[in-house]
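In order, the protein sequence lines correspond to chains A and B. The opening residue of the first sequence carries number -7 in my numbering; numbering runs sequentially from there. The opening residue of the second sequence carries number 54 in my numbering; numbering runs sequentially from there.
Just so you know, the hints here were simulated from the structure itself, not pulled from any lab data. Ideal placement from N, C-alpha and C gives every residue a C-beta, glycine not left out. Check the hints yourself; a few may be wrong.
[As the list claims (entries may be wrong)] Have a look at the derived ranges for each label pair, beta carbon to beta carbon:
id, chain 1, residue 1, chain 2, residue 2, range
1, A, PRO314, B, HIS243, 55 to 63 Å
2, A, ALA182, B, GLU182, 50 to 58 Å
3, B, PRO135, A, HIS380, 19 to 27 Å
4, A, LEU404, B, THR201, 30 to 38 Å
5, B, LYS164, A, GLN407, 24 to 32 Å
6, A, GLY35, B, GLU182, 32 to 40 Å
7, A, ASP169, B, GLY64, 47 to 55 Å
[To be verified] Simulated pairs of lysine-lysine, DSSO-like, Cα-Cα distance not exceeding 30 Å:
id, chain 1, residue 1, chain 2, residue 2
8, A, LYS(-5), B, LYS224
9, B, LYS216, B, LYS81
10, B, LYS164, A, LYS(-5)
11, A, LYS349, B, LYS81
12, A, LYS216, B, LYS81
13, B, LYS81, B, LYS224
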Amino acid sequence: MLKQVETSRAIAETVALCRPEVICAYPITPQTHIVEALAEMVGAGQLQHCEFINVESEFAALSVAIGASAAGARAYTATASQGLLFMAEAVYNAAGLGLPIVMTIGNRAIGAPINIWNDHSDSMSMRDAGWIQLYAETPQESADLHILAFRVAEELSCPVMVCVDGFVLTHSYEPVDLVTQGDVDAYLPAFEPRQVLDPADPVSIGAMVGPEAFLEVRYLAHHKQLRALECIPELSQEFRERFGHASGGLLRTYRTEGAETIVVALGSVNGTIQEVVDDLRREGSAIGSVSVCCYRPFPLAALRAAIGEAKRVIVVEKSLAPGIGGILSTDVRTALSHTSIPLFTAIAGLGGRAITKASLRGLFKGAEAGVLDALTFLDLHTELIQRHLERESKRRRSGPPAENLLADIRLLAAQIG
Amino acid sequence: MFQIRIHGRGGQGVVTAAEILSIAAFLKGKYAQAFPAFGSERMGAPVTAFCRIDDRRIRLREPIVEPDALIIQDATLLHRVPLFDGLADSAYVLINSTRSFPELALNEIAKPLLPERCWTLPATKLGLEHVGRPIPNAALLGGFAAMTGVLSIDSVASAIMNKFSGSVGEKNVAAARAAYGLVMERNVAHAEAS
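So that you can see chain B by itself, here it is in the shape it has in the complex:
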């Protein structure tokens, strides 16, 4: 089982991101479960959503306490809300930010993790460029596909089109593909450097 926890704020499409991941996994023949942990639903309030992906039917209904991957949609949550609880050393962390892990004062968090599994991505900027709105979720999902290889970018794109039809879907797919490209370049650069 692969478990993903997404942190963000109300209005950023946190729950939608988890749902899209589950659809992408479903389209690849996997079992998937996505669900939210709402606070009272307000724009701007911290929101967490979860996605589990497995080869067999998922019965477990506890919140994800030991994530294999973390997606942080809003860097203003860092150092304010517990985001990294239960994180294994092998976990992936993807943060929406134009700054690096050291610049975000995350050296301690990153120390036990593998460097090629800790990325930041200018996802809000990509959202503005491609969708015309400061919504980071589609770009982060593209970045997630590139970083983890758990889902292909094509299945993420199909899932986005499944959730949003027409031009809205296409623009979100463009944001996801752009992010995918960025992270893949970095993967290559990292592999060459090491």
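Here chain A stands alone, though its shape is the one from the complex:
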């Protein structure tokens, strides 16, 4: 049924339809509305056969999920930002043990400086932990990906993160087609664990493994990710047949036929990118875009095929690896090896900086005109940077950068006013 609803609410209702048996929660902005709604549903008896556990930290949240999953329960949690960092050891453990936990990330920047707004620094920090990572483009997909995530996770015995842009998606009120319990039950069978702590058939889980087999266990984790590259398109197709609309898949192309310029991005910014693509197409530019849904495993072959004979690729990404630049760009570059297609990286939207149509348009036109640098920081306030660098060159005790920049902004605003 189509409802005008906050995305966090739609996610919670969809997770509930997946019949989780254990939900561990520790609140952190901007994912809090999701677990609050689930707590209400458990409390009201609307979500039955589910234990909702308030824990003392994010580390505990995922650790409890690991224990629950090892005991054969379908387990779910959600976090963001520093919360994900605080559970980092357990994040690697869940994947290393091969436990099919589903976790929502309400994508948010990482401090310092402390910032509650959206970018992809948090989930990117865990990209190599062995979890499958899916990025939602719309409120509808934010809900749908959770059904796909449980199915993929349990099929492969591998945990899945569903990454949803904080505030931009989590707090947006939009129409979402909420699916039915019958359809979810038909799509997502009861959890049949590959390994389970069962007193009737005892095993131990979590052995210490020395040099004799560690490489092989790790290889199997890689092998599982490669299998996900086949499994995710198949299960996304099955999703489409069952629910009547498309969500998930490895990636989605938008107007890439005959495109000379192709823009690649993760998550909700793809909507704004598509608006700019339409404007530029109307003006005669040969431009298209690719929304990467499945970031881990990274769909090298599918992306290579989507880029085809394009003359240039622009990666717009909401994360920064200081010292090299883009993170998604590094993966896209791997997909482009053995080609001479130039790649441009634009770091955009960090800490909730708005990514506007006007700025994207300037970026894409710059690439078409051949005047774009290989690495760009979209809408960088260069005067602020200049002032700080001058301060550092003049004084040894130049002070804390974040506080200095904020003071400069107030000063510049007063001059303009």
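Add chain B to chain A, keeping to what the hints say.
Okay, now just chain B, sitting in the frame of chain A:
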């Protein structure tokens, strides 16, 4: 596409107002998107929320930079926070105040705008009268429906009931309808005068 930007302070229901507008549009078969631009969430801090209404699916996710309508829930933000950025000459402005545009020192802002699209409304007073709390948002939404005609008062009322059930919803609907009536009277008076 019709774009609405709402300015107010934490605790005044700014985000809820944008959500109710989106529900009202949805109930009329339109596509709608409402979202907040929070500062750190504190009572009294400036808050902005946005609502887009369109006949087709909305993909755009930038904040609203060129609003077709502005709703200002707290007149103490005037002259302190940039409220009127990106405003087109054809835009609507609705301010919660018992004072007029000239009394609020907004002559310069109002000059390029159409006079029948600039109203103030005693929305806090209406909130106190009908809801029993100094919350201006429901009254402003009723006033918005009357001023713009973008949404009917009945769809605003249904959206309020969708968000708040029972007597709380009914009281908010009463505030919205009272405001709607006030602005409609002024619309008529304006039409007769011109």
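How the hints compare with the structure:
At roughly 58 Å, the beta carbons of PRO314(A) and HIS243(B) sit within the given window of 55 to 63 Å. For ALA182(A) and GLU182(B), the hinted distance range of 50 to 58 Å is satisfied, since their beta carbons lie about 56 Å from each other. In this structure, PRO135(B) and HIS380(A) meet the distance hint of 19 to 27 Å, their C-beta atoms being roughly 25 Å apart. In this structure the hint that LEU404(A) and THR201(B) lie 30 to 38 Å apart at CB holds, the actual value being about 36 Å.
For the pair LYS164(B) and GLN407(A), the supplied restraint of 24 to 32 Å holds, since their beta-carbon distance comes to about 26 Å. Our hint of 32 to 40 Å for GLY35(A) and GLU182(B) holds, since their Cβ atoms are close to 35 Å apart. Judged by the Cβ atoms, the range 47 to 55 Å given for ASP169(A) and GLY64(B) is violated: they are separated by roughly 33 Å. With a C-alpha separation of about 24 Å, the suggested pairing of LYS(-5)(A) with LYS224(B) holds against the 30 Å cut-off.
Straight-line distance between C-alpha atoms of LYS216(B) and LYS81(B) comes to about 16 Å, which keeps the hinted pair within the 30 Å bound. For the proposed pair LYS164(B) and LYS(-5)(A), the alpha carbon gap of about 41 Å is over 30 Å, so the pair is violated. Taken as a hint, the LYS349(A) and LYS81(B) pair is honoured in the structure, with Cα atoms around 28 Å apart against an allowance of 30 Å. This hinted pair does not check out: LYS216(A) and LYS81(B) have alpha carbons roughly 47 Å apart, beyond 30 Å.
Between LYS81(B) and LYS224(B), the direct Cα distance comes to roughly 22 Å. Compliance with the 30 Å bound is thereby established for this hinted pair.
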